[in-house]
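Chains as they are written, first to last, in my numbering: chain A, 1 to 540; chain R, 1 to 540.
These aren't lab readings, by the way, just hints derived from the structure by calculation. Check the hints yourself; a few may be wrong.
Pairs involving identical chains hold if they fit within one copy or between any two copies, as the list cannot separate such chains.
Unchecked claim - In the EDC-like style, the derived pairs of lysine to aspartate or glutamate whose C-alpha atoms are separated by at most 20 angstroms in a straight line are:
#1 Lys397 / Asp7
#2 Lys403 / Asp7
#3 Lys488 / Glu535
None of these values were measured; they are calculated from a predicted model.
There are 2 protein chains.
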Amino acid sequence: MRSTMMDIPLTVASIMRYGTTVFGNREVVTFTGDGTRRRSYEEAGRRAARLANALRGLGVDADQRVATFMWNNAEHLEAYLTVPSMGAVLHTLNIRLDPAEIGYIAGHAEDYAVIVDSSLAARFAEVLPHMHGIKHVIVTGDPAVGADFPGVTVHSYEDLLAAESESFAWPEVDERAAAAMCYTSGTTGRSKGVAYSHRSTYLHSLGPCLGNAFGLNERDSVLPVVPMFHANAWGLAYAGLLAGADLVMPDRYLQPGPLVKLIESERVTVAGGVPTIWLGVLAHIREAGGDLSSLRLVIAGGSAVPRSLQAAFQSELGVRILQAWGMTETSPLGSVANPPPGVTEEEAWRYREGQGRLICTLEGRLVGDGGAVLPSDGEAVGEIEVRGPWVTGSYYKDDDPGKFHDGWLRTGDVGTMDERGFIQLTDRAKDVIKSGGEWISSMMLENILMSHPDVAESAVIGIADEKWGERPLAAVVLRPGADVSAEKLREFLSGHVPRWQVPERWCFIAEIPKTSVGKFSKRQMREAYHHGDYEIVEAR
Amino acid sequence: MRSTMMDIPLTVASIMRYGTTVFGNREVVTFTGDGTRRRSYEEAGRRAARLANALRGLGVDADQRVATFMWNNAEHLEAYLTVPSMGAVLHTLNIRLDPAEIGYIAGHAEDYAVIVDSSLAARFAEVLPHMHGIKHVIVTGDPAVGADFPGVTVHSYEDLLAAESESFAWPEVDERAAAAMCYTSGTTGRSKGVAYSHRSTYLHSLGPCLGNAFGLNERDSVLPVVPMFHANAWGLAYAGLLAGADLVMPDRYLQPGPLVKLIESERVTVAGGVPTIWLGVLAHIREAGGDLSSLRLVIAGGSAVPRSLQAAFQSELGVRILQAWGMTETSPLGSVANPPPGVTEEEAWRYREGQGRLICTLEGRLVGDGGAVLPSDGEAVGEIEVRGPWVTGSYYKDDDPGKFHDGWLRTGDVGTMDERGFIQLTDRAKDVIKSGGEWISSMMLENILMSHPDVAESAVIGIADEKWGERPLAAVVLRPGADVSAEKLREFLSGHVPRWQVPERWCFIAEIPKTSVGKFSKRQMREAYHHGDYEIVEAR
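Next comes chain A alone, as it looks inside the complex (with noise of 0.2 angstroms):
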């Protein structure tokens, strides 16, 4: 039996409806360094026809994509707004990847324009060789940077906009067609494109908005640290509009001291990042000072995040850091880490300390080595699947069958999760550690050694060893002054964990690789390793 219900279609054009009319006041704030520039939802709405406008004269019809290379700021919510609700596909390149990979990417997914910050003109004039299938480059601010690109026609965006009408004809969209494209910042292979839905991205904005996740409403000011140009912001761009929050955008200025500034006079409510920049503003607020009080809600991600951590900005700066977890491929948001009502507040440690559980919509199991399902009781070791109407069932172009399981997406994280779907990650499938037949967990190491007082960063990595197969190598970064041996950290870890977990084999290193997102990478350092790169301690 047929409902009687309207078959209207979830779109990201209905968000820009929704976000620029009820909420049309509201503001999206762009942080210049020294001062903001402000734009209400509504006068982003009326740009956003515009840009449309001046889109379909650069011939960008169908679902043509295109591109952008860009901060968090006002043009490149524009641009959000825009490229999908015209029927077209947004693809947001990462520009802190290599330049080959990201002309590799564009080249992929067919970009046809791009949308470029002429604060990143320097890093895109570097990228442009690459990118073969590019006609148009549409740079934002000063119409003089950029002018110079060879062989693509360059744009300025004011100039487009100014010349263009503010009423554009949003045609109708079928809700599964592609918004949004995302490319995975593979740490091992090549990237790999996810394409959001306009259904997918509709529903995807509702997360944030949800009490038992972040429970974003129209008394919120919400600062993105976290970059639209990789895992759409953590949803908190069109959340933004759709709850009715101000929406704060750092542009340029991530270092922690403009952070916190933004956050003072802006009075965020709510901040989203991954736990490096939350380590920064911790150093810098206890060395030069600072005030947090507006913010009700830190959201942090990416990597797991540290009790000491979480526990330091509870402590020291009233804030409250909630974990979440998620990738590319689940859009991002997945679970978050909310412990349950009714426990002790160091059961609730624990649930902090994990992943938390899958916001609804999504569903989670856990699978053993061959292809069986694990009961869900806390202790069996699996990895994470994930399904759901906001996570992806396959790549762009590109199949990898071996990434789905009847119709799961296989995560590639390891851990456990519990009958109440509480997920504890101890690894990533690649970075687990098999010594002797039993598994060590890598996050595990590396977690107990940062809360040393005298550790910075650590991270742990498997390497071979002809007695166990496999033995674990820390690697760690002191603070600055410290002085710590591994016989010391031996003796740390050893109050923590089995003593045969324990690494024989350390190395003291100035800085952890990191991924373009900020994340360790685990494939640097054992190419670091097998260079011999490392000065390897033994200690017993």
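Using the hints provided, position chain R relative to the given structure of chain A.
Then chain R, alone, in the frame of chain A:
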């Protein structure tokens, strides 16, 4: 370009899967008058599987209609979970309608089986003779009740469940298939059926969880006083499962005393019901005392919520009332009257007296007499039209094109809408009074009269007038012991509205007639007036 996202349907089965696992330890609590029956969501899920097996055994397959004739209780929640998830269609019957009308509705919907609360057996016995297609009656509670219902096979709900397995192969269901039906309680004309889809139900269930709506979360304990037999208990039942909130069910104990007792003992945080319920609760507490301090939010809707009631709850009980607007055709959540941030207290009151803004996914517009779209400027008065994925686009087996307009639902509500979408209703379209070519808002007159200390209730209807075409007739129910003249009430009104809007004709009656869902029945008032049942006082 197709997206790469998984094609996962939004279904009631996925609400059930999520709620009964992730929040499997949360409870549905059913009031028994002097205590409670408690059942975890996990147990409710197991019982849903038993019920599904039982219904299959009785011949329920494909999209057959399974009706309920029940109060809000654990078993009704089990029917909510089971029937749509097995692919059949849940048809909630309004137990308060006239037996013949219920029979008509059950026949129109082609109900095959019905689940009946044993406490409603006597009422159901009056309805059954009017029901012609029903094959099976399943009675909850006391297994001896209803055994003698003629012409149908009668089963005990608990006996059926006890005989079945806890495992059921829930089918894959198209998200656009019907999940549930509800008939309008038309104050005029025959009831018409709305068939909610799985998709509309899922999306609507997210509504109460949004930060700008009720922000339901797992710290909540939710009391739906509003019946599950009409308009989905405002979405609170399914939303409770998605949010992991306990559901506190009042069963048949809807009097103020038991409700206050239940709120106190279960520490209810969010409760929803029509204004008359909360007027009763307020009067009860003024008389007998009571502690509502656990409530963070009372949702009131179904008819306009007077400022005097909201103010009394706030000042006397410390509880915020949030006005919500909707109708059977909108699932029913439409708008909520949260004032925007940054307004003065007096401005906030003005917003709280109105109907607020439509929840995201819904869109509204204002349409004038000739069908022209009017400006949303807070001045123009017209009919509110809405559309969205949880709004009906037709009626079951009865098109009634007069209710739809270019893909929008004509709500039959008349009022203004400002540029930010704030709705201020002035009347039902059919209750509008047109006097000398100008409109008089019956709702405004009623609200002002009900703020008079001597007035308990007031309703205003339009009556024929030789000179002006129509004039208002004010019907007033005085508070016990109060004595106030029509002249005094005219004086009181004159302080608030233009002199020409003040009624000349008054009647003082014992009670305003109500519809089955507790709204003023102006149809009955007009009939009573035409039959000469009202003693009219003229005052000038």
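Consistency of the hints with the structure:
Taking the shortest alpha-carbon separations for Lys397 and Asp7, only the inter-copy value of 18 angstroms comes in at or below 20 angstroms, while the best intra-copy value is 30 angstroms. Only between protomers do Lys403 and Asp7 lie at most 20 angstroms apart by alpha-carbon distance; the minimum there is 17 angstroms, versus 33 angstroms within a single protomer. Only within a single protomer do Lys488 and Glu535 lie at most 20 angstroms apart by alpha-carbon distance; the minimum there is 18 angstroms, versus 95 angstroms between protomers.
Of the numbered hints stated above, none is contradicted by the structure.
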